[in-house]
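**Q** Following the hints, put chains B and C in place on chain A, whose structure we already have.
Chains as they are written, first to last, in the working numbering: chain A, 19 to 458; chain B, 19 to 458; chain C, 19 to 458.
Read the hints as simulated data drawn from the structure, not as lab findings.
It cannot be assumed that every hint is accurate.
Since the list can't tell identical chains apart, any single copy or any two copies may satisfy a pair.
To be verified - Computed list of lysine-lysine pairs in DSBU-like fashion (alpha-carbon distance at most 35 Å, straight line):
#1 Lys-391 - Lys-131
#2 Lys-132 - Lys-391
#3 Lys-384 - Lys-97
#4 Lys-103 - Lys-168
#5 Lys-384 - Lys-103
#6 Lys-103 - Lys-131
#7 Lys-97 - Lys-131
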Amino acid sequence: MSPNKSISPDDEGDVGRRIYRLIVELYPICRSITGDGYRQTMRLLQSRVPLQIHEVPTGTPLFDWTAPREWNIRDAFVKNARGEKIIDFQDSNLHVVSYSVPVRAVVPLAELKKHLFTMPEHPDWIPYRTSYYREDWGFCLSHRCYEALKEGDYEVVIDSTLGPGSLTYGELYLPGEREDEILISAHSCHPSLANDNLSGIGLAVELARHLSSVPRRYSYRFLFIPGTIGAIGWLCLNESSVPRIKGGLVITGVGDRGAVTYKRSRRGNTGIDRAAALVLQQSGQPYRLLDFHPYGYDERQFCSPGFNLPVGRFSRTPYGEYPEYHTSADDLGFVGPDALGDSFAKIRRILDVMEHDRTYVNQSPKGEPQLGKRGLYSSPGPRELALLWVLNLSDGGNRLLDIAERSGVDFSDIKEAADVLLRAGLLAECEPSGPLAARK
Amino acid sequence: MSPNKSISPDDEGDVGRRIYRLIVELYPICRSITGDGYRQTMRLLQSRVPLQIHEVPTGTPLFDWTAPREWNIRDAFVKNARGEKIIDFQDSNLHVVSYSVPVRAVVPLAELKKHLFTMPEHPDWIPYRTSYYREDWGFCLSHRCYEALKEGDYEVVIDSTLGPGSLTYGELYLPGEREDEILISAHSCHPSLANDNLSGIGLAVELARHLSSVPRRYSYRFLFIPGTIGAIGWLCLNESSVPRIKGGLVITGVGDRGAVTYKRSRRGNTGIDRAAALVLQQSGQPYRLLDFHPYGYDERQFCSPGFNLPVGRFSRTPYGEYPEYHTSADDLGFVGPDALGDSFAKIRRILDVMEHDRTYVNQSPKGEPQLGKRGLYSSPGPRELALLWVLNLSDGGNRLLDIAERSGVDFSDIKEAADVLLRAGLLAECEPSGPLAARK
Amino acid sequence: MSPNKSISPDDEGDVGRRIYRLIVELYPICRSITGDGYRQTMRLLQSRVPLQIHEVPTGTPLFDWTAPREWNIRDAFVKNARGEKIIDFQDSNLHVVSYSVPVRAVVPLAELKKHLFTMPEHPDWIPYRTSYYREDWGFCLSHRCYEALKEGDYEVVIDSTLGPGSLTYGELYLPGEREDEILISAHSCHPSLANDNLSGIGLAVELARHLSSVPRRYSYRFLFIPGTIGAIGWLCLNESSVPRIKGGLVITGVGDRGAVTYKRSRRGNTGIDRAAALVLQQSGQPYRLLDFHPYGYDERQFCSPGFNLPVGRFSRTPYGEYPEYHTSADDLGFVGPDALGDSFAKIRRILDVMEHDRTYVNQSPKGEPQLGKRGLYSSPGPRELALLWVLNLSDGGNRLLDIAERSGVDFSDIKEAADVLLRAGLLAECEPSGPLAARK
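This is chain A alone, in the form it adopts within the complex (with noise of 0.2 Å):
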C-alpha cells in the first residue's frame, strides 16, 4: 500500500463497478438478523475473501442481550376473496416484516389492515419494517396497493420458522507487522436494500481484498454482522482482544450520490477520526464532519462507554436524510459504481494515513541542515515546503499527522519528503510514547 500514489479514477471506475457487481449479486436475497438469507449471504462473499463464518447459539448470552431464536422464511402472501395474490413475499422480499411470526388465517379487511405497513408520503415505494424483538406478523407495502384493498376476507400465510438456532457472522482477519488492529464492520442484516447496507457490505469486501495483497503495518479485523446484537455479541465473545483496536470504521451507506459524511468516535479525536477529517479537507470534495451522537449504527456498540473505541462511521448522506432510506427505493438504481469507487479510494487513504503516520526526529535540528549539499535542494516549490516543514516539526513530539494538519500539505506530499529525510539520514524514527489512538 503506497500512500505517495493516490488512487487513480481509472482504479476507482473498476474498484466501483466490482463493489456494484457483488451488490447486484447480494440483493434478491432476504436477509435478517438470523437465518438461512444470512448464511447465504457469507457464502457467497467468501468466492471473494475467505471470510471465516461463526454461529452463535441462539440464548448464548451476549452482556446485556441473549442471542435471538433464529427466523426462516419460505414463503409469504396475502390473497383476496379471489383467490389473487396481493401482496407477494416472491415480489419483494421487504413486503414481511422481518421476524414475522408464522400465519395462516382468513381474517377481514380491518383485522388485515392493523398487520399492514404504508408509506402514504411515497405511494409507490414498500416500507421496510422488522419485529425482532416482539412477537408479531406483518406487511408491508405499497400506499397505492393499500388503498386499492376492498371490504372482504383476505388469506394470510406466512410460511416462517423462529426458533432455536443460531446467529451467522462473517469475520476475517488480515494479519499484520504488529498486533494492533483497525477494525471494518459492515451490518449484513438487511434485505434488499442496496446502499444500506450491500454498499458497505461491498466495500468491505474489495478493501479486505486490496489490503490482503499489500504490507500492512495493522492487522485488520472485518466484520460482517448483524446490526446491534451481532456488534454487541462480537464485542462479548472476543471482549479480550478488543484492547488491539486502535482504529476503526463502521462502513454503511457509501454507495449513493450525496457528499461523504464522516461521524467522529465518541472520543472524538483519536487517530482514525483526524486522519478521516485530514482526508476529506485534503479532497478538496464537499464533505461533513459528524460528532459523535448515541444512536446510528454499531458505532453506537463500539463507542458504548464500556469499551468506548476509536471507531468512527464512513458514509454518504445520512441515513436520516434521504427518503429512500428502509423502503423499497433503496434499490440498485439508488447506487452507482462512481460513488462507490469514490468511498473506497477515500477509505483506502484514511488507512494510508493510519499505516505511514510516524513520528522522526530530526538528526539535525540546530538551524536547518544544508539540504543542497545533498541534492535535496532544488527550488522553492510545494516539494521543499514539505521537506522543511518535516524538518521543523520533527522533534519527537509530532507524528506526520500532526505535521499535515499543522501545514496545510498534503499527507502524501509529507510522507515522501519523511522517506526522503530518512534516507538522507536526516530523520530517525522514534517510538512513541502512547498509542496512536487519542492525541492532542
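**A** Frame of chain A; chains B and C shown alone:
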C-alpha cells in the same frame, strides 16, 4: 422542586404579580446604605419571609473598610425668595443627595447651583446621587426646574443626621441536605428606584418563599445588603463560612422589558455559569452572556481575588445600557409583572440544574443495554435519545450538565431520563471527585 | 523607556527620517553574504552604534554547514560586438548574480543567454539573483534590454574573486538588569535593495541607539548577519548563551507602505508573540498575524527544533506579496520615513510590553480596597477601570500582559495603574514561577 416541570405561564404570572406588589410597597421608602429606611425595608420583608436583621455598629473594621456612620433624614427642601418650596424631599426622595450632611442656610443662586444636579439630556427626570464617603450636601432636580431658577437668595434645609449608629442588613438561611450553599444576593440600599434594585429584592423574596417549600439538596443563603460595603461587610463577618458557597447569583435589574443578561463569575466556567448559560440557551429566547469584569454590582466583591467565588450576576438590560438607570424614570412603570415572572422562572430553572446535576455511572456499559426488555424502548424520539445520551456518557466523568451541554437535549429531559434509568437499575449515582463548581 | 508615553508622531517622523538617511547611505554598496561590501556596511554602522565586527574564517564548521569562501567583485560587464557595454555592474550591482565566479570570455548570444535572468512580467526591472552554493556566473537585466540583444559575439567580464577569507557579521550587546536577553536580528547581506533589508538594518540601528539611552530590565543583543549562514553561524558559535534569549524579533521589510505583519514564533504563544499581538491589536491600525511556517527569513533558524526560540518576525508586507521584492524596484522610492517611523514605534511598544510585564499580588484581596480613602477614586472612567482590573486579576497567576489581554485595556494604562497601586502599597511584585516566555 421538580426539574421536570417548567413553571407554567400562569405560575409565572402569579409570581410576577406578587413581586410587583412588593415593589409597590417598598417604592416610597427612602433607603440609603444605612438608616431607618433600610430597617423599615427589612421589616417589611419579614412580613413575607423569616429574615434575620443584623446591625453592624459604626466603626466596625470590615477588611479595608469601616462600617460608616448612620445617615437619617427627616425632611429637606429649597425655598425661593417668595417662600415657595421649589425642591421638596417629600415629593421624591431622589431630590436629596444620599448622605447629605445637615444644612440650614440662605444662599444666593450661584452658590446653590454648586450643589444642584440635573440631567440636561432628560430634562424631566431627577437623577439619583450619593456622597457616602465625602462629606457634602446636594439636591437633584429636573433640568426643566433648574432652568426656571431665578437670581436671588434661597433657603436651603436638609434635616439629616450623620453619626454613630449601625449598618443594617437582612439574611435568610434555608438549610438543605448539604452544608454546601448557594448564595442569592440583592443590594437593598437604593431609594425610590424600581428596577435597581427593588426588582431584585422582590424576586429574591419570592425565590426564598418558593425554596422554603421544597426539598433542597443545597442550603441557600439570601442576603439583602447595602451595595459594596454590605457585601464586603458580610464577607468579613462570615469569612469562615464563605468556603461553603458553591454557587451564587447577584440579582439586580430583573424587572425591565429587555432580554436577560448573565454575567459570568471571575472563574467563568463554574457550575452556576454553565447552568445559567444552558438554561438561557435552551430557553429559545434572546439572551446575552457577558464575561466577568471587575465593575458592576456586588459580584465584584464576591469575585475579588481573595474569595473568587462562583457567583455570577443575573439581570435583564445591564445598568449602563438603559437611560432610566439611576433616575426618577426607573419607576413603577418601568418594571412589570411579566418580566419579573420571566426572570423568576429562569432563575428557578438555573437553580434546578444546580440541584439536580449529578454524576451517574452506567451499570451496563458494554454495548447498549436492552431497553426493550425493560419496557424503556418505544419508538425513536426525543425521550429515547435522552436515554441513549445518558447511558452513553454516564461513565463517571460526566455530570448531567455535561450531558445536556454535549447533547443539546433539554436539561429536564436529561434529568428525567436519568431518573428512569436509575429506577431500572441501569445507573448508579457516583460521588464526583471534585466540587461541583469549576469544570472543564 | 517609559511605557506610559507612546512615541509622538513628531518623534516617529524624526526617527523615520534618520532611518531613511542611513538607508540612503547604505544603498549603493554591493553586499553579499561575505566580502568587502559587507565589511564596509558594518563599518558604516559603527559610525552610529558601537558595533563589534566578527570574522569567521572560511571553512569553519557551523553545525551542518561550513563558513563559505569569501566573494569579492571589482567590476563586471557585457560588451557587444561594437564594444559597447550593454550590461554594466557600475550601473547597478544587481546586474551580477551574487557569488558569480570570475569570467573573461567572448561568447555567442545563444551561450550568453544561458546566463541571463530577466523578469518578463516587469520588463523594466532587474531581478536579484544569487548562486552561493553552486559555482556559476550570470547577469541580471531588464527584459526590455534582453529583448534588444542582437545575434553576435559578446565579451563577458566578471572581475570577481572567490577564495579563502572570512564571513563577517556585526554584533551589539546592551547589558540590562538581567542576563535574560532579547534578540534583534537583521539580515544584512543584500545589495542595493532598500526594503529587503536596508530598512531592517536601519531600524535596528535606531532601536539600538534608543535602547542604549534608557534603563533596561532585559539585556539586548543586535545581530547584523548574512541570511541563513549568518544565523546558523552565530547560533553555533554562541550556543552556550542561546538559552538566555527570552524573546526576539527578526526585523525585515519594515519600510514599505503596507500594513504590519507579525509572524509568530514556532511555539506561537510566547511573551514576544503575545506582546506583538497586543500592541498591533491595540494600535487600532490594520495588521496581520501569521502562524509560524518554516520558510522565510532567519526565524527559520532561530525556530529550528534544536533551539525553538521565542523569536518572531516583524515586517510590513510579507516578502512573497509585493512584486518589487528582490528586484531593482525595491529602491529608495519604495520605502519611506513614515512607514519606517511607524515600524519603529510599534517595535518599541512591543519591547515596552516585554520590559514592563510583571506579576503582582493584590495586598488587599478580600473585597475591593477602599480607593477613595487613598485618593485613587475619582469618577468611573478608563483610569478607574484599569485600577479595578489590575486589583482583581493580580492574584499571582496573571502578568500585566494577561490583564491587558483579558480586559482589553491598553497596556500602558494597565502599567500605569499597576505603578499607582504599587506606590499605594496595594500591590507587591511577585517573582513569577516560570520564565516569561511561553504561557497559557
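**Q** It remains to establish, for every hint, whether it holds in the given structure.
**A** Going through the hints against the structure:
1. Lys-391 - Lys-131: between (84 Å within a copy, 27 Å between copies)
2. Lys-132 - Lys-391: Answer is between: at 23 Å across copies they meet the 35 Å cutoff, but 83 Å inside does not.
3. Lys-384 - Lys-97: Classified as neither; 85 Å inside a copy, 46 Å across copies.
4. Lys-103 - Lys-168: within (14 Å within a copy, 95 Å between copies)
5. Lys-384 - Lys-103: neither (83 Å within a copy, 46 Å between copies)
6. Lys-103 - Lys-131: within (16 Å within a copy, 89 Å between copies)
7. Lys-97 - Lys-131: within (14 Å within a copy, 92 Å between copies)
When held up to the earlier numbered hints, the structure conflicts with 3 and 5 and fits the remainder.
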